[in-house]
Structure formats: structure tokens, C-alpha cells
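Same order as they appear, the protein sequences are chains Y and P.
By the count of the numbering used here, the first sequence reaches residue 476 at its end, each step adding exactly one.
By the count of the numbering used here, the second sequence reaches residue 1245 at its end, each step adding exactly one.
You may find that some hints are simply not true.
[Said to hold, decoys possible] Which chain P residues face chain Y? A few, computed with CB under 10 Å, are given here:
| hint | residue |
| --- | --- |
| 1 | GLY1053 |
| 2 | GLU1054 |
| 3 | VAL1138 |
| 4 | ALA1200 |
| 5 | ASP1206 |
| 6 | ASP1217 |
| 7 | THR1218 |
| 8 | LEU1221 |
| 9 | GLY1234 |
| 10 | ARG1243 |
Hints in this document: simulated from the structure, not taken from any laboratory.
A virtual CB, placed ideally from N, CA and C, is assigned to each residue, including glycine.
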Amino acid sequence: MAVSRGRRLATGLDAALTAVVVVLLAVALVELAHRHRWQLDLSADGLATLDPDTVAALDLAASRGEPVTVTAFGAQAKDDEAWLRDRMMRDFLRALEAASESVHTRFVDFDRDRLTAERLGVDRYGTVVVEARGDRVDILDRKLFHARGPKGQRDVTFVGEAPVVAAIRQVLAEGGRTVVALAGHGEEAPYDRGLGDLRALASRVSEQGVALRTVDLLRDADAGGVAVPEDAAAVLVLSAHARWQAPSRRCGSTSGAGEPQCGFPRSRRSGTILLGKNTGLSLPDGVVLDPRGYFPHRRPILGYRPRRSHRRRGRGGDFVVALARRSAVSPRDGVSAAPLHRTSRQGWVERGTERPALLTAATDGAGPVTVAVAAVSAATRGPARRRRRRSWSWGTSTSCATGSSRRRRGTRRSSPTPCAGRCAATRCTRGWGGRPASGAWSCASQLATARWKVLVSRIPCCPCCSGAAVRRRGGR
Amino acid sequence: MSATPRPSLLQATAAVVRNELRLWFLAPGGWVFLAASLLLAGLFFTLSIGTTGEASLRGALPNLGVTLVFTLPLVTMRQLAEEARAGTLELLLTAPVPPLALLLGKWLAAVALCTLFLALTFPFPVVLFSWGDPDPGVLFTSYLGLFLCCCTFSAVGLLASALTADPMVAGVLGVLFLLPAWLASAAEALAPPHLAPVLARVSLADHLRSFATGVLDTGDLAWFGIVTALGLFGTWRALESRRWR
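Extracted from the complex, chain Y is given alone in its bound form (with noise of 0.2 Å):
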């Protein structure tokens, strides 16, 4: 039977625009299940699930309206693992994509794509450029894979999930404050992973409003550019590897205490330094400067440790940073800075690794330069106040850490495992150089050697945080 041509048409006209309904329909449904997708990570080590400090980095810049560019450069074509190292690099700017609508990623083939590395100023492979508010920050790949193994059978690792979320953080940082870890002298690297790394450190810092950035003296010493950027809010330096120079005669005076390749008067009796003494600055109460830092070239380095006598008072924790800083630092709510030491020249800086510091003050900016400060966090309110003691502790491989980090918030004792694990050939006891120290599991002959540690205790803005532990891998 004929089909007439009015009805024909329009069972045409009818399904054609059932056809495009439905498209329509479908374009809508692909949109909404893309935007409000949901992953689930199968894969065994999770490699694609971001960490839960990415995130928190994201939401930041998405709470703030602030589109976050990542721009990463592809490895060297000949090098073996470069295929392995784009490909991860790739994977994690997708899910940094994916994750978030402010930051936006781009991958740049170096060779190929020349114009946009002269545009960035990038001359390196691999190199990551994050930027937000006309700020930038560039990544090194060395901070962004590890690489083990002989070369062809390199097992690379990519670790460049924290350095890329702090280079977040800090260009998105208000008022630009921004705390400068020193590296290049053998200092621990913040965003070194593995065994005790610095990240809780990073996000300590990060949480308190403070972008953290490493600057590597000694090369950009070489490069000719300033060492320590006018505009940081601070100097951080971890773990440092040579002696102490001994206090000259000249160094002995309250002038000369200050100088960079002087090192500080110590007491007679506990042999630590007596900074505030001899050289008129405010120390916190009970905070004294630990003499078992060691720094490159004799510059003396700051490690602090709370006295006992301290926290029987109960004045609050000791949660103490090694800063040396050139402008005042605002902690939150609970945590005060009070600086430790200022140098007496007009600027504090180090160039060049086997000539003697050098200072220009020009370049250095006007002094005196606060060179370290110690945040005291004054419990004052909430669980915290009621809280035992707890410490971090940053040190060298000397350092077996303390296992506080797996402790259960509330609880005293720590895990002896990672201790007892790491420190088979000595003996582990609790405290630091085999004295009682609540709350620390450390070994006594590895402490011995340690360069470096920081306490920290009852931070009343993070009590969940304010318990770990951070271990640290030997030295270089």
C-alpha cells in the first residue's frame, strides 16, 4: 500500500526531529556524566588517584577563582625512560585536569615546540612551569622523577605530585608570602619522597597560608641570580652536613656572633648555644639552640630543642621552625613567631661553594636580616591544650624516626616498628641522646650523629597532624 506523500513527510519531519532530540539528549548526558564524574582506581599502587593534599590545593584554587596554568615541558627525546616520563607527566596533568576546572595543563614537546619554551623562559627538559596571578614557579624534573637502577633498566618513579601542588599553593599564596627552603648545600629537600620525607612539612607551612619554594644556592649562585628572592617571607633550612666553625675570638663578641662564618658562643655546662645571651636577641623561653647543626662552610645553621623545664611549665608547645627570615611571618591563630637571630651585617646571603661567603648589599637587600625564628604554638583552646606531647623530628638517616605519625590521635606511645626496623644493629630507646623525651622513639647511637631536628608539639590548628613523625633517609 502506497504511503501518500503529505503523511510520508511528515513521519519524516517526525522522526527526524525525534532523531535530533535524542542527539541533543545524548550531547546533554555525555556533558553531565563528564562533569560530575566519579573514579574509581583499580591499579595497584593508585598512581591515578590524586593525593588527598592535590586536592585540597585544587579546591583552594577553585574556592579562589584563580586559574592555575601547568605548563610541562617533555623530557629529552634520547634519553631511554623519556617515553615512560612524558607519558606520567601526562597522566598527571590529565588528572590534575581532570580533577579541577581552574588549572588548566599543557603539554609542550620541547623540540617542537620552541616558541613557547623561549616565551616561558624554559631551557630545560622536563621542566614544569606553574602559573597563576602572574606569578610563577618552575620545576626541575630531577624534583619530579626518581630514577633507580643502571640505565636502560632505569625504574623511573614520578614524585612530582608535591612539588607541583606547593608550586600551586604558592602562586596562589595571598600577599605573596612565601617561605624559601634552602638547598644546594646538602640540605633536605621538603619535597624529597621516601622514607620520612618533608611533605608534612610542606603542608605545615602550606596550611598556615605560606607557600613554600625551594632555591638552590649553590646553582643559582652560579647563574648569576639571586640566591634568596627579595619577596620571600622566610628561610627554611633542614639538615645541613659540615661542622661548626669554632667561635674565634672575634666571633666571641656580641657583634661578631652574628657574622655568617662566625659560629656561636655555647654553654659551658649543656654546651648549647647561648644566642640570646651573648648576642641581645629575644629567645622564647625554654627554647635553646641545639649544637648538633651543622652547616657547609661554617655557617652556622639553628636547630632548636625545647628545654625540659619548659614544658613542665606547660607554656604551651614548641612547635619551632629554623627560619631565617627577612620579613615578619603570620602564623595562624596559636602560633607566634618570635625571631632568634638577626645578623649584624646588611643582608644575609651565600654564593659559591668553596670561596668564602659572600655578601653584597646591593643584591642582599637592607639588614639586619632575622636569620631564624621559632614558631611557639600556645595551646590555648580545644583538645589540643589537654594533648601529651608530641614531637616531629627531622634528621638524617642518623634520626630513626619515631613511628608518632601511625599514632592514633589521643594516644602517648608510638609504634616502635619503624625504629626498631630501621635500627637492627643499635640500640633504640626512647627520647633524643638518651634522654627521656616523651613521645619520640629515636635511636640513641644514630642520634648521636644527628645534624638536625625540630620539635614540635601540641600545634592547636592541626592536632591530627601535630603527633607525626618524619623520617629521614641518610645523607648525601
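Could you slot chain P onto chain Y? The hints should help.
Chain P in isolation, oriented as in the chain Y frame:
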């Protein structure tokens, strides 16, 4: 005389599937598809692990996908086009077989054939587990991604087959439907910035990538499901249009 009972949707679908599979394996079509696909898959797998030394299907997955882009439309091209050319489609549409059963049966038959192909690649995981330490989760999602490709490509191939009475044209049409979607990811880099997100949504390779990394992404699962449904809907409308064209 008692009337023949009308088969249920499930029975009719099963009958169509059986018939399709029988037609494929009685003729060389199904065997050629399996042989060619397995040959290419083996080649890509060998090249992938030989080049990267990586104990996973990640390197081979895009190549396996593109293999299916070309081979599956050649399988589905004759499913409806051949019936239309031989005139048996009219009989089928007037037979007591629901059109939905016909549609689902033909699609499921293509999916079953493709699944058989995937099952025959079992030596790949065996090799990986024997000489390496692959991630089972990633392997699972990789195969799931390929299975979803089978479902989608079969639906699109069926749509191409429903649009014409010439099997060869249907095959070419099927590849033409799928290939741009596959190449969209490559075009993203060249496209203007405002077009890049559109291409990313369309791109098959982009949606397959999460499976290659061991991630089940609801966005990608939905994409495959929606495109498959769209292909089947288009096929159904194309079959329906024969009643009034």
C-alpha cells in the same frame, strides 16, 4: 488449526544471535575477522612490550582499539545491508519477531564475536604474568575498555549497515563514522582552543585512556554507553523508516 505462539523478546533475540553467529562461522567471514584481528593484536602486543618493556597492555591498547575500528565495521556491514539487498529484511520485519529483538540480536551477535576475539587474546596476560609483574587491576580495566569499544563499534557498524543496502558501502560508512572519533584526540593539539574541549568529548582514544591507567571513570563509562545507545537508536529508526519510506 492452532496459531503458532509468538516468541518472547528474549527467545527471539537468542534466535537472532544464534543465526548470526552460525552465518559467520559457516562462512569465512567470522574466521577471517578472528584471524586478522588476532594477528594484528599479537603484532601490536609484541611491539608494545618489546619497545617499552612494560608489563601491561597500555602500549598495545590504543592499537587494539584502532584495529577494532577497522575490523568490526567489516563484520557488521552485512548484518542489515545484506538482508536489505537480498530482500530478506522485509521478511524479517514482517515476521513475528519484534524489531527490537532483531536489533538487539544482531548487535549482541557482533558483540559476542568481538568478545570471543578478546577472549582469544588470553595469551597476552599469560605472557605478562609469566615474565613480568603486571597490575591485575589495570589489565582488567584495559580489557573492559576494549569490551566497551566492541559494544560501541558494533552499534555504530550496525547503524551504518542499516543506512544502506550495499554491504561494502556500509563497511566504509562504519569506518568513516568511527575513524574521526578515533582521530579526534590527535586533532585536539591542532584545533583552535575553543574546539579542543569538543574534540575531547568526541574522542574515543581520550575515553579509552582512563581504562588503560586502571581507572573506572563514570564519565567514560557513560560515554561508551550513550554512544552505543545512540547507535542502536539510530539503527532502530533506520529500520522503522523502511515502513514509511
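Which earlier hints turn out false for this structure, listed by number in ascending order? Violated hints: none; all satisfied.
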